Amino acid sequence: MNHPTHASLSRRHFLSALGATALLTCAPTRLWSSSAATHLRLAQLIYSDGNWQPRPTALRRLAWELHKRTAVPVELEPVSTTPTTAGLGRNPLLFMLGDRPFAPFPKAHLDRLRRYLRLGGTLIIDPAHTVDGDPTGFRAHAHNLAAELLPDAASTPIQAEHVIFRSFYRLTRPTGRIRGPETLTGWPLGDRMAIISTDHDLAGALARDNLGNWEFPVEPGGDRQRENAFRLGINLVMYALCLDYKNEQPHLRFPQSPAP
Amino acid sequence: MTAPQTWQLVALNNPGPLWFSLLVVIALGALLWTWRSLDPGMPLRIRLLIAALRTLVLGLAIVLLLQPALRRRQTVPQPGNLAVLIDISPSMREAGSPPRLERALSLLAQHRDALAAQHPQYFLFHTDTTPVPQPPAPADIPPPKDGTDIAQAIAQATADPDITAILLLSDGADTTGTAPEHIAKTARVPVNTLLLAHDDAKADIAIARVRVDPFAFTRTPTPVQVELTSQGFQGAQTSVSLLEDGVVLQTRDVAFEDGRARAEFSVFPPKPGPWVLTAQVPVSPDDTRPDNNTQHIAIQVVRDRYRVLHLSGLPSWDQRFLRDAFTAWPRVDLVSFYVLRNRLQATSQGTSGLSLIPFPTRELFEQHLHEFDVLFFHDFDPQEVGIDTWMPQIKQFVQHGGALVVLGGPNGLNAPALVSSAFADVLPLQMPPADAPPEQLFDARPFRPAPTPAAKHHPLTRPGLQRGGIWHTAPTLEGIAMAQGTHPEAQVLLAHPFVRTSDGPAPLLAVLSVERGRTMMLATDSLWLTRFAIPMDGGPAGAFADFWKNAVAWLTQDPEMNPLQLSVAPDSPSDDHAVAISVSLRNAQWQPDPRAPLTIDIAWRDDAQEPQQQQLSAHTDNNGQLSMRWLPQASGPHEIAVSAANGRSNTTRFISELGMVERQHRSPRPAFLQRLAERTGGIAFDDDLNVDRLAQYNRSGVRDQITDVPLWSHPALFAAFFLLLLLEWHLRRRNGID
Chain A
1 MNHPTHASLS
11 RRHFLSALGA
21 TALLTCAPTR
31 LWSSSAATHL
41 RLAQLIYSDG
51 NWQPRPTALR
61 RLAWELHKRT
71 AVPVELEPVS
81 TTPTTAGLGR
91 NPLLFMLGDR
101 PFAPFPKAHL
111 DRLRRYLRLG
121 GTLIIDPAHT
131 VDGDPTGFRA
141 HAHNLAAELL
151 PDAASTPIQA
161 EHVIFRSFYR
171 LTRPTGRIRG
181 PETLTGWPLG
191 DRMAIISTDH
201 DLAGALARDN
211 LGNWEFPVEP
221 GGDRQRENAF
231 RLGINLVMYA
241 LCLDYKNEQP
251 HLRFPQSPAP
Chain B
1001 MTAPQTWQLV
1011 ALNNPGPLWF
1021 SLLVVIALGA
1031 LLWTWRSLDP
1041 GMPLRIRLLI
1051 AALRTLVLGL
1061 AIVLLLQPAL
1071 RRRQTVPQPG
1081 NLAVLIDISP
1091 SMREAGSPPR
1101 LERALSLLAQ
1111 HRDALAAQHP
1121 QYFLFHTDTT
1131 PVPQPPAPAD
1141 IPPPKDGTDI
1151 AQAIAQATAD
1161 PDITAILLLS
1171 DGADTTGTAP
1181 EHIAKTARVP
1191 VNTLLLAHDD
1201 AKADIAIARV
1211 RVDPFAFTRT
1221 PTPVQVELTS
1231 QGFQGAQTSV
1241 SLLEDGVVLQ
1251 TRDVAFEDGR
1261 ARAEFSVFPP
1271 KPGPWVLTAQ
1281 VPVSPDDTRP
1291 DNNTQHIAIQ
1301 VVRDRYRVLH
1311 LSGLPSWDQR
1321 FLRDAFTAWP
1331 RVDLVSFYVL
1341 RNRLQATSQG
1351 TSGLSLIPFP
1361 TRELFEQHLH
1371 EFDVLFFHDF
1381 DPQEVGIDTW
1391 MPQIKQFVQH
1401 GGALVVLGGP
1411 NGLNAPALVS
1421 SAFADVLPLQ
1431 MPPADAPPEQ
1441 LFDARPFRPA
1451 PTPAAKHHPL
1461 TRPGLQRGGI
1471 WHTAPTLEGI
1481 AMAQGTHPEA
1491 QVLLAHPFVR
1501 TSDGPAPLLA
1511 VLSVERGRTM
1521 MLATDSLWLT
1531 RFAIPMDGGP
1541 AGAFADFWKN
1551 AVAWLTQDPE
1561 MNPLQLSVAP
1571 DSPSDDHAVA
1581 ISVSLRNAQW
1591 QPDPRAPLTI
1601 DIAWRDDAQE
1611 PQQQQLSAHT
1621 DNNGQLSMRW
1631 LPQASGPHEI
1641 AVSAANGRSN
1651 TTRFISELGM
1661 VERQHRSPRP
1671 AFLQRLAERT
1681 GGIAFDDDLN
1691 VDRLAQYNRS
1701 GVRDQITDVP
1711 LWSHPALFAA
1721 FFLLLLLEWH
1731 LRRRNGID
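For the protein sequence lines, the chains are A and B, in the order given. Using the working numbering, you'd call the opening residue of the first sequence number 1 and step up by one each time. Using the working numbering, you'd call the opening residue of the second sequence number 1001 and step up by one each time.
One chain only, chain A, in its complex shape:
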């Protein structure tokens, strides 16, 4: 079954989108009576000489799905930050999106991002496969940046056995708007992957406009592919929050058990 696009909006999808919009409008941006520090804020990295925001609505949608599906207390509105923004330390999870090459980061930015990673921050790189972009060029620049940030860490493919693929949903491979390769790419720091790169246009699958329409079709297509993209997005966030929690012995003893 084909997914509706912004070019062909059925009445049914319009109504569902309207309902979702109403929910979003009515829902408080913070659904727990606790501090801002408790809440996860999805943050996106701003950088120069490139397109840092090729999928502007994707993280908001991911935040909503996190709120809807998980117990993670999440700010529904993402934030954008540069490496030197004072509030970077409030956001230990950072997304870096782009669809074309970008200028090398100044040393001050590199130093701050390097400290960010070493203190426990996680950077997720997601090349956007846009029509007029150069995702291959972005990926190459982003991977060079990762190597500069963690010069002692060699990039490594993240196979389906990695805990990232079990951190909330059980997945067999990464999926985004495009099917992409069978693995993710990671740069380890200690026992965790500090930088994770997709090559699946994950944000493209998540992007949805205010009317509830998917902004970009998934290829080769199907509800299952888009759902798996959401699941991968949630798993990446859960991995940043829980690390290898799912590798603890009790979880390995119940590999097939359903959730309560």
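Calculated directly from the structure, the hints in this document are not laboratory data. All values derive from a computational prediction rather than experimental measurement. You may find that some hints are simply not true.
To be verified - Below, simulated DMTMM-like cross-link-like pairs (lysine to aspartate or glutamate); rule was C-alpha separation at most 25 Å, straight line:
{"id": "1", "chain 1": "B", "residue 1": "K1549", "chain 2": "A", "residue 2": "E248"}
{"id": "2", "chain 1": "B", "residue 1": "K1549", "chain 2": "B", "residue 2": "E1489"}
{"id": "3", "chain 1": "B", "residue 1": "K1549", "chain 2": "A", "residue 2": "D244"}
{"id": "4", "chain 1": "A", "residue 1": "K107", "chain 2": "B", "residue 2": "E1489"}
Unchecked claim - One side of the interface only, derived from the structure: several residues of chain A facing chain B at Cβ under 10 Å:
{"id": "5", "residue": "T38"}
{"id": "6", "residue": "L40"}
{"id": "7", "residue": "D244"}
Even glycine gets a Cβ: it sits at the ideal position worked out from N, Cα and C.
Guided by the hints, dock chain B onto chain A, whose structure is given.
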């Protein structure tokens, strides 16, 4: 009896092989010279006769020079010097009817005159040996030490070279573990043994041995084996109990086979330090020796790793960085359960494709809870995962020595299961119920926590305050879950700088000691900012981990957290069971506290199980140390509490083995004495003494007698020598030879 004798030809003047060879060469040279000096024209018969006479003369001269003699060697009996060793150890004095020692002294008195022929020298021994001129009367025997050392008694007696044999009067209950074969190797004289083992009291069930590793790890299954012996009971059954502080921990029923039985236990040491257990067997009416039905054991419990159970009600950065701190700390063994979706989400969304597992409530709280040291409720509502029904077990876990940390915002702290009156009395802060007005639940404004006066001295916060920890670097936290009260015995260590409750500043960090366990509440889930946000802006990165390490150490009552360190070295039977007590005291600034007065209270139960107590006063030295010796007055568990004037105190326990060594070695050992006698060539007597047989087999009382009968000084030899010379002279004259 005729002594055997042997004869041997010897040379009294033995010049040695070199000189002897030289003499022979000279003699041969003289012969050759004689032969050559004779006129070849003479008849051969005459020349041969003269040469033969010269050969005989020279040979006889050599024999006279060597001074040959006949040596007679004869072994003749000598009067023996008998060392009589009398075992006066407690097993000899207390066991038997009449006591074994009385029987020994009676036998010696009975055979006193007969023994006198063997020049007896008397010795009394236990762990030491003392010579005495005569066997003493029972009333004059000095009190013995706790133990029996037969080897050293024999060694001391045979140090006198005139001692030719030993008579050992003992029950054979040596306490040193030395094998009789080993003693026999060093004993140079026969050891004759007299077994004293005719006890009238036979019916007895005893704890023969308790096998347990002297060291164990906290909350780790530790096997304990109790071995029993039975005599005088046919097919007896009994039960064995393990007790701690008089409270039965476990009981096993056992049946005896061939007089032996074994009970096996598995115990979980609750916390580091000395752990005193008591193995006990009920005393039956026929049991003639109830004193061996109880045995105390001390296990030195050490902590291998802190076992932490981290239950988080929601995935958050606070949970993530606490997990980071634990996983980076090799001493923590972490088990986590995070609620990744709430009950509403679970109900509405199904389970398709999820990797979540059911919360193993029963397995955790019924089977494994006692294996953990610290339980963390992190923004955790027990009701959310259905463990609110296990709150009594969790409360018991704390009361029995476990630790509980409740931290987070109102999502967890105001959970009904935690604010209920049944559980709130083990928590330091009393929180309002979740349905209270929001302004009474939470204040979201950023703040800088304010240490209370108690924080400056409390081991949990003092290091952080002194070393520039998270409270000194002035982190800004966000949001505090407001308490509505504080437990009367709780200590508030950090408070909100401007938010107040009816009792004063809103408490942020509070701790409470609950019976043998401890609890802690931290009313915020923004502490992770000190781990990430503050260091991102240049603050210290390690303060967060240091705080939690310190907290876990305090919560688990790590002995190293106490500024008053107390240790008691095990008592030694060789040192009158003196106990070495060592104290090290630090002041509020964690510096050695010199010349500080100390009060030492020692409590124990006497043989009648009546409580006894002794109080001592002492001072630390200039280095804040105290070392002293104390002599126990009874065996069994002792509790020693040391308190300083600055309020510091510490308590430990030890078991005095006073009298225990002999109590565990009361049974006579006939085989020990039998083997000792056999290996040394002595006689093993059983409860009676045959002095004539002892003298007959006293083979060391002999001496070799040597007599030499000279052969060279016989006149016939000299006559022959001169006769030969005269004969040769006559021949030479007759035949006209010069």
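Taking the hints in turn, this is what the structure says about them:
1. B:K1549 / A:E248: Holds. K1549 of chain B to E248 of chain A sits at ~21 Å (cutoff 25 Å).
2. B:K1549 / B:E1489: 24 Å, holds
3. B:K1549 / A:D244: Answer holds: K1549 of chain B to D244 of chain A is near 21 Å, not above 25 Å.
4. A:K107 / B:E1489: 54 Å, violated
5. T38: 5 Å, holds
6. L40: Holds, about 7 Å.
7. D244: Constraint on D244 of chain A satisfied, holds at 8 Å.
Going through the hint list in order, the structure does not satisfy hint 4, though it satisfies all others.
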